[in-house]
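K.L.:
Next come the chains, spelled out residue by residue.
There are 2 protein chains.
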Amino acid sequence: MTSIENQIHQQWIYSRHPTGIVSDEHYELRNQLLDTSLDRDEVLIAARYISVDPYMRINQSSKPTYNPEPHPLNTVQAAGVVGQVLASNAASLKEGDWVFGMTGWQSHARVHVSALTKIDPTIAPVSTALGVLGMPGRTAWFGLTEAGKPHAGEVVVVSGAAGAVGSLVVQFAKRHGAKVLGIAGGAEKCAWLKDKLGADWTLDYKAYSDDVTLSQEILKLTSGVDVYFDNVGGMVTDAILPIIKRRARIIICGQISQYSGGLDVAEMGPRLLQHMLYQRATIQGILARDYLHRMDEMLAIVSPWVKAGELVFEETIIDGFEQLPSALNSLFTGEHRGKLLVKV
Amino acid sequence: MTSIENQIHQQWIYSRHPTGIVSDEHYELRNQLLDTSLDRDEVLIAARYISVDPYMRINQSSKPTYNPEPHPLNTVQAAGVVGQVLASNAASLKEGDWVFGMTGWQSHARVHVSALTKIDPTIAPVSTALGVLGMPGRTAWFGLTEAGKPHAGEVVVVSGAAGAVGSLVVQFAKRHGAKVLGIAGGAEKCAWLKDKLGADWTLDYKAYSDDVTLSQEILKLTSGVDVYFDNVGGMVTDAILPIIKRRARIIICGQISQYSGGLDVAEMGPRLLQHMLYQRATIQGILARDYLHRMDEMLAIVSPWVKAGELVFEETIIDGFEQLPSALNSLFTGEHRGKLLVKV
Numbered sequence: 133m134t135s136i137e138n139q140i141h142q143q144w145i146y147s148r149h150p151t152g153i154v155s156d157e158h159y160e161l162r163n164q165l166l167d168t169s170l171d172r173d174e175v176l177i178a179a180r181y182i183s184v185d186p187y188m189r190i191n192q193s194s195k196p197t198y199n200p201e202p203h204p205l206n207t208v209q210a211a212g213v214v215g216q217v218l219a220s221n222a223a224s225l226k227e228g229d230w231v232f233g234m235t236g237w238q239s240h241a242r243v244h245v246s247a248l249t250k251i252d253p254t255i256a257p258v259s260t261a262l263g264v265l266g267m268p269g270r271t272a273w274f275g276l277t278e279a280g281k282p283h284a285g286e287v288v289v290v291s292g293a294a295g296a297v298g299s300l301v302v303q304f305a306k307r308h309g310a311k312v313l314g315i316a317g318g319a320e321k322c323a324w325l326k327d328k329l330g331a332d333w334t335l336d337y338k339a340y341s342d343d344v345t346l347s348q349e350i351l352k353l354t355s356g357v358d359v360y361f362d363n364v365g366g367m368v369t370d371a372i373l374p375i376i377k378r379r380a381r382i383i384i385c386g387q388i389s390q391y392s393g394g395l396d397v398a399e400m401g402p403r404l405l406q407h408m409l410y411q412r413a414t415i416q417g418i419l420a421r422d423y424l425h426r427m428d429e430m431l432a433i434v435s436p437w438v439k440a441g442e443l444v445f446e447e448t449i450i451d452g453f454e455q456l457p458s459a460l461n462s463l464f465t466g467e468h469r470g471k472l473l474v475k476v
Numbered sequence: 133m134t135s136i137e138n139q140i141h142q143q144w145i146y147s148r149h150p151t152g153i154v155s156d157e158h159y160e161l162r163n164q165l166l167d168t169s170l171d172r173d174e175v176l177i178a179a180r181y182i183s184v185d186p187y188m189r190i191n192q193s194s195k196p197t198y199n200p201e202p203h204p205l206n207t208v209q210a211a212g213v214v215g216q217v218l219a220s221n222a223a224s225l226k227e228g229d230w231v232f233g234m235t236g237w238q239s240h241a242r243v244h245v246s247a248l249t250k251i252d253p254t255i256a257p258v259s260t261a262l263g264v265l266g267m268p269g270r271t272a273w274f275g276l277t278e279a280g281k282p283h284a285g286e287v288v289v290v291s292g293a294a295g296a297v298g299s300l301v302v303q304f305a306k307r308h309g310a311k312v313l314g315i316a317g318g319a320e321k322c323a324w325l326k327d328k329l330g331a332d333w334t335l336d337y338k339a340y341s342d343d344v345t346l347s348q349e350i351l352k353l354t355s356g357v358d359v360y361f362d363n364v365g366g367m368v369t370d371a372i373l374p375i376i377k378r379r380a381r382i383i384i385c386g387q388i389s390q391y392s393g394g395l396d397v398a399e400m401g402p403r404l405l406q407h408m409l410y411q412r413a414t415i416q417g418i419l420a421r422d423y424l425h426r427m428d429e430m431l432a433i434v435s436p437w438v439k440a441g442e443l444v445f446e447e448t449i450i451d452g453f454e455q456l457p458s459a460l461n462s463l464f465t466g467e468h469r470g471k472l473l474v475k476v
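Chains as they are written, first to last, in the working numbering: chain A, 133 to 476; chain B, 133 to 476.
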């Protein structure tokens, strides 16, 4: 470990509200000399992996979302971070320890020890605290088990199936004995879903020009949908709703197709709520924070699978702190697979 | 009771699939001499009240609904009926007994005794077997209690609040201690909801040209929605979704605004599923038939209220068997209050 003196503290400041696609112009890179002073129970950490997640774009909506107010302007972009302790004034953490914290898009952070969670690097690569053993894993696990409640033999359809959450839902659903259709963009992702993740069927939504033809194709493969884990919304969801089965469960985890504009002024789509009535189905919105206090339940089940190498938890790692805004943007253009991280 | 011989057996035959509003041209009136022969355990009944319900239009959709096939053409229009026994070959029913059966739009029916339910006329007017103590009551009670789960102090919004189901939901929600906003078409219905049914607030949706202004008005009154019991869909539902509160429960009971065309080719509306995510809310479709086996639970609670005169169960009664198709049509033009019946 190098000296902590004279290091540069880099921060990405969220400085401008985007109306469409988010990019560099909505952020300012700020460099300053690292302040190494620490109060009692404070810890200085260096970020090693910084998370880039679709929810960040939701928090930039000008309308109320899960938060009454949008992400404040002219502050460090909030984000989950895996870092290492550079200096500690807390008894429970020492130099070199790995930690998780919501310290945002910055190279360093000085935080109270209570805001950090220690990571055991012997269980899995530390970066998994931002993926399969972190927020995306929690979202996938509790969204599927609590709202989706899949049974063996049922058909589970996952949109955004090659993403951080979706790729885990595919695998968790298979472990429940369900038959899984993964929907993703592009033949390469589909091949990965089938060959590596064990999806029974895959569909490249980009090969369909409208919801009706996509619907027909899904019906041909599955004969109907019991559980739909939705990360994307839009045309894919329009295709699913008319072909749900009796007492289908639809989990709204994300609506990423609308994040680059459709949150502030709703896009138009077909009215399909009559299908909820026909099939006595349920749509339930789920959010990772609601299950934070139950993380131990999920880790007790999923960690052994990770340790045993039984789960695929692909990470797309972009190198360089400077890449953070463009990495966030790339979430919406859809080129990555699994969890998108920036390595510092 | 007049002689059962030489009576005319009238039937409304569903003869043509409607694409928009349903009317006379989709039905044929058939008259024949009444066949009075009865096999063992068969009963001959004369219809006294014939039901007209929005679900009839759903069953005429060319797409699969809750039933895999639409209502068959060239058969008697299916409907709930309150009738009187004219002749009986069954031990449990005798001439003059009041019964409920799904005998459809016909003046008489010869049915097996197992297809009839005896009505006790001392509990309430017999016509309530088609309303508050029948299918609409069951829908309102179980939809609200099982899917809506209202708590004292919560805000319950009811669309189609002056209808057969909605008017009961308003009163059931009040009995749960909720604050109730009834949405209906026209000042007269709104006054009735407030003065007679005890709604805390009412709104005439026809006074609003779009969902955004309606939304603002609802928010001004209620400060947000905990339970939304939806009978209508469309613009009213568009106005509610963005102002639901945390863990709101949305019950899809009907989507009557779409029944005259929007079921076969979905109309367009704003995409609003992101609000389900924001508020971790639930949309649940409910259907009366799912609670048929639990009718005794509902009757045990609601019958005493009816007998004590504590519930308003207004009936709009149209006189004359010939009026049935136009009565069905009038459900969608919205002039009636409470349960719409045709008296034979």
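Some clues are possibly wrong.
What the hints assert, rightly or not - The calculated PhoX-like cross-link candidates involving lysine-lysine, where the alpha carbons are at most 20 angstroms apart (straight line), are: (1) A/Lys352 <-> A/Lys338; (2) A/Lys352 <-> B/Lys195; (3) B/Lys352 <-> A/Lys195; (4) A/Lys306 <-> A/Lys326; (5) A/Lys311 <-> A/Lys377; (6) A/Lys306 <-> A/Lys195; (7) B/Lys281 <-> B/Lys250; (8) A/Lys250 <-> A/Lys311; (9) B/Lys377 <-> A/Lys377; (10) B/Lys281 <-> A/Lys195; (11) B/Lys338 <-> B/Lys352; (12) B/Lys281 <-> B/Lys311.
Because the hints were derived from the structure by calculation, they are not lab data.
K.L.:
Run the distance test for B/Lys281 versus A/Lys195: straight-line Cα separation, threshold 20 angstroms.
P.N.:
Measuring from Cα to Cα gives roughly 28 angstroms; hence the hint is violated.
K.L.:
For a C-alpha distance cap of 20 angstroms, please report whether A/Lys311 and A/Lys377 respect it.
P.N.:
14 angstroms, holds
K.L.:
So if I understand the rule, the pair passes when the alpha-carbon distance is 20 angstroms or less; does A/Lys352 with B/Lys195 pass?
P.N.:
Holds. A/Lys352 to B/Lys195 sits at ~17 angstroms (cutoff 20 angstroms).
K.L.:
Compare the distance between the alpha carbons of B/Lys281 and B/Lys311 with 20 angstroms, and conclude whether the hinted pair is satisfied.
P.N.:
This hinted pair holds, its Cα atoms lying about 13 angstroms apart.
K.L.:
Taking 20 angstroms as the top limit, are the C-alpha atoms of A/Lys352 and A/Lys338 close enough?
P.N.:
18 angstroms, holds
K.L.:
Holds or violated: A/Lys250 and A/Lys311, Cα atoms, limit 20 angstroms.
P.N.:
37 angstroms, violated
K.L.:
Under the criterion that the straight-line Cα-Cα distance not exceed 20 angstroms, is the pair A/Lys306, A/Lys195 satisfied?
P.N.:
37 angstroms, violated
K.L.:
Against the 20 angstroms threshold, does the CA-CA distance of B/Lys338 and B/Lys352 hold or violate the hint?
P.N.:
At roughly 18 angstroms apart (the allowed maximum being 20 angstroms), B/Lys352 and B/Lys338 satisfy the hint.
K.L.:
Hey, A/Lys306 versus A/Lys326, does the alpha-carbon distance stay inside 20 angstroms?
P.N.:
Roughly 12 angstroms between the alpha carbons, so the hint for A/Lys306 and A/Lys326 holds.
K.L.:
Given the hinted pair B/Lys377 and A/Lys377, is their alpha-carbon gap at most 20 angstroms?
P.N.:
Answer violated: B/Lys377 to A/Lys377 is near 28 angstroms, above 20 angstroms.
K.L.:
Measure nothing beyond the straight line between the CA atoms of B/Lys281 and B/Lys250; if it is 20 angstroms or shorter, mark the hint as holding.
P.N.:
31 angstroms, violated
K.L.:
Checking one constraint from the list: CA of B/Lys352 to CA of A/Lys195, max 20 angstroms. Satisfied?
P.N.:
At roughly 17 angstroms apart (the allowed maximum being 20 angstroms), A/Lys195 and B/Lys352 satisfy the hint.
The structure fails to meet hints 6, 7, 8, 9, 10 from the earlier list, while all remaining hints are met.
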